[in-house]
Structure formats: C-alpha cells, structure tokens
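The sequence shown begins at 1 in our numbering and counts up by one.
Be aware that a few hints might be false.
[What the hints assert, rightly or not] 20 Å max Cα-Cα, derived SDA-like pairs, lysine to any residue:
hint, residue 1, residue 2
1, K57, S276
2, K57, D272
3, K44, L149
4, K44, Y284
5, K57, C233
6, K57, V111
7, K133, T61
8, K43, Y147
9, K43, T152
10, K211, L249
11, K57, D231
12, K42, T209
13, K42, R97
14, K80, Q55
15, K42, P210
16, K44, R154
17, K44, T244
Hints are computed from structural coordinates only; laboratory data are not their basis.
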Amino acid sequence: MSSEPSRVVSTVPVVWLACSLTSAGQLIPSVAYAEADHPHLKKKHLLNLGGYRQQSKASLTAARRDFEVTPVDLESMGLKDRDTTWLAEYRYRQSDRWQYSLSVYRYRVSVDTTAETEFNFDNVDVQVGAALKSSLAINTYAFDAMYTLRRTDRSELSVGGGFHVLDNDVVINSQRSVNNNDREEIQRGRASLIAPLPNIRATYFHAFTPKVSMTATAGWLSLSYNEYDGDFCYLRFKAEYLVTDALGLNAGFQFASIDAQESLDRGYNRFDVEFSGVTVGVSYAF
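Starting from the given sequences, assemble the full structure and let the hints guide the process.
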C-alpha cells in the first residue's frame with residue numbers, strides 16, 4: 001500500500017441507503033420536531049445493558065513470509081461457534097437534532113484441545129494430534145454521531161457516522177512430542193489487530209404506544225487506508241417495553257460482519273468474522 005491514505009468506497013450501498021432513507025422519510029408525517037411523548041425521544045441519557053447469544057463464524061489468518069497462508073476457523077482452533085457475551089450502550093441527546101452514542105461488545109473464549117487438522121499460524125506449524133491451547137478475544141468499541149432528519153411525537157429518523165474499533169487477539173499454543181517423547185516442544189503463535197473502521201449509519205425509532213417501541217439500525221462501509229483494509233456491515237432490530245418512564249425491557253436480533261486486514265512488514269493479519277443472534281437488555285432513561 002502507498003504511504004498516502006487511499007479510500008476506495010463502493011457507491012452501490014451508499015446509493016441504496018440514500019434511496020431507502022428518502023423513501024422512509026416520505027412515509028413519516030411531516031410534523032417536524034413535535035413535542036415528544038415517548039421518554040426515549042425526550043430524555044437526554046439512555047443506558048442499555050444486556051447480553052448477546054451469538055452464532056460466530058470466523059476465518060483468522062496470521063500470514064508470514066516463507067510460510068503457506070492458512071486461514072484458521074474456530075473449529076480448527078477447538079473453539080465453539082456459539083457463546084454468550086455482554087454488551088453496554090450509552091446515548092446522549094444533545095438537542096432535538098444531535099445525539100451521540102457509545103457501545104461496547106466483548107467476546108472472549110479459550111479452550112484446551114487436540115488438533116484435528118494441520119495448519120500454520122504466525123510461523124507455527126500445527127500438526128494433527130498436537131495438544132492445543134487456544135484463546136480468542138474480540139472486543140468492539142463503537143462511537144456514532146447522529147443527526148435527526150425527521151421527527152414526530154412518536155418516531156425519529158436519524159443518519160450519521162462514526163467509528164467501530166475492532167480489537168482482536170488470538171493466541172495458539174501447540175505442544176508436541178519430539179525424539180520419541182523424550183521431550184515436549186511448545187510453540188506459540190499470536191496475532192492481534194486493532195482496526196479503526198469508520199462507518200455510516202441510519203436509525204429509525206417508532207413508538208406504537210407510550211410503552212411499546214421498536215428500533216431498526218443499519219451501518220455499512222468499505223474502504224482502504226494506510227495499512228488497513230476493511231469491510232463492515234451491521235444490522236439490528238430491537239423491540240422494547242417500558243415498565244416505567246425510565247426503566248425498559250428489550251429484546252432483538254443483531255448481525256455484524258467485519259473483515260479487517262492489517263499489512264505488516266513480515267506479512268499480514270486478517271480477521272474475517274460474523275456474529276448473529278438474539279440480544280436482551282435492560283434500559284434506563286434519565
């Protein structure tokens with residue numbers, strides 16, 4: 001890659017998103033910035049804490065010079081593809097037009113197993129039958145600034161953008177016998193990647209009653225800059241019931257796909273991961 005940032009963005013998803021927002025805006029009554037009767041449309045602070053029961057797909061590559069490139073999936077590492085993690089989200093409404101959000105998602109798992117396939121990871125050749133100790137950590141931090149395009153007393157359409165910071169760390173320890181079990185050789189391979197991926201986002205909120213509401217969110221971007229290449233896609237639907245004006249219970253479905261690669265002097269690290277599953281949470285507005 002060149003030393004100057006080069007941004008290559010496909011225009012098809014951008015056009016599609018713009019058309020979708022235009023159509024959605026036409027369906028919303030033009031009562032702009034009417035007095036809000038739902039707490040989420042008038043409270044400045046909104047905190048949501050919950051869990052995420054996710055199905056995971058991952059292809060992890062730590063390619064090094066003079067070694068064959070071998071993508072490694074979760075099964076090869078002995079890691080399960082379904083797990084429960086936690087999430088935390090905070091939104092601050094500065095005004096009727098501007099709001100800012102910060103989200104944290106954490107995924108961490110480790111296991112001891114025996115290698116059933118042969119692969120290479122960070123200059124470590126793992127042979128079939130070798131004892132493996134694998135660990136995978138994927139932390140996602142998201143910040144978004146959103147601008148309200150259209151708002152009524154029960155709905156809101158916002159667009160904006162921000163950054164998703166993907167913090168990945170993979171460690172594989174391989175132990176095998178050498179010289180007819182006279183001694184054990186332990187090899188350690190590790191790859192980490194911290195990729196700040198900018199994205200564009202659209203969110204639609206609608207309150208069916210003062211207590212029942214739904215929120216739909218979509219985010220996307222594909223670009224290359226400096227030593228990073230990244231693709232990001234995010235979809236989420238959430239339904240919520242307010243127990244009180246401040247306390248709410250919610251459940252929904254979330255899908256996220258992140259393919260990030262960092263070029264290194266000795267090769268590259270690539271994390272191609274997909275998460276999908278059910279989310280549940282408790283919100284508090286004040």
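For each hint, the structure was consulted:
1. K57 <-> S276: holds, 9 Å
2. K57 <-> D272: Within the cut-off at roughly 8 Å; holds.
3. K44 <-> L149: holds, 18 Å
4. K44 <-> Y284: holds, 11 Å
5. K57 <-> C233: Roughly 14 Å between the alpha carbons, so the hint for K57 and C233 holds.
6. K57 <-> V111: holds, 17 Å
7. K133 <-> T61: holds, 17 Å
8. K43 <-> Y147: It holds: about 16 Å lies between the C-alpha atoms, which stays within 20 Å.
9. K43 <-> T152: Within the cut-off at roughly 15 Å; holds.
10. K211 <-> L249: holds, 10 Å
11. K57 <-> D231: Between K57 and D231 the Cα gap is close to 15 Å, so the pair holds against 20 Å.
12. K42 <-> T209: Roughly 15 Å between the alpha carbons, so the hint for K42 and T209 holds.
13. K42 <-> R97: holds, 12 Å
14. K80 <-> Q55: With Cα atoms ~9 Å apart, K80 and Q55 stay inside 20 Å; holds.
15. K42 <-> P210: At roughly 12 Å apart (the allowed maximum being 20 Å), P210 and K42 satisfy the hint.
16. K44 <-> R154: holds, 16 Å
17. K44 <-> T244: It holds: about 16 Å lies between the C-alpha atoms, which stays within 20 Å.
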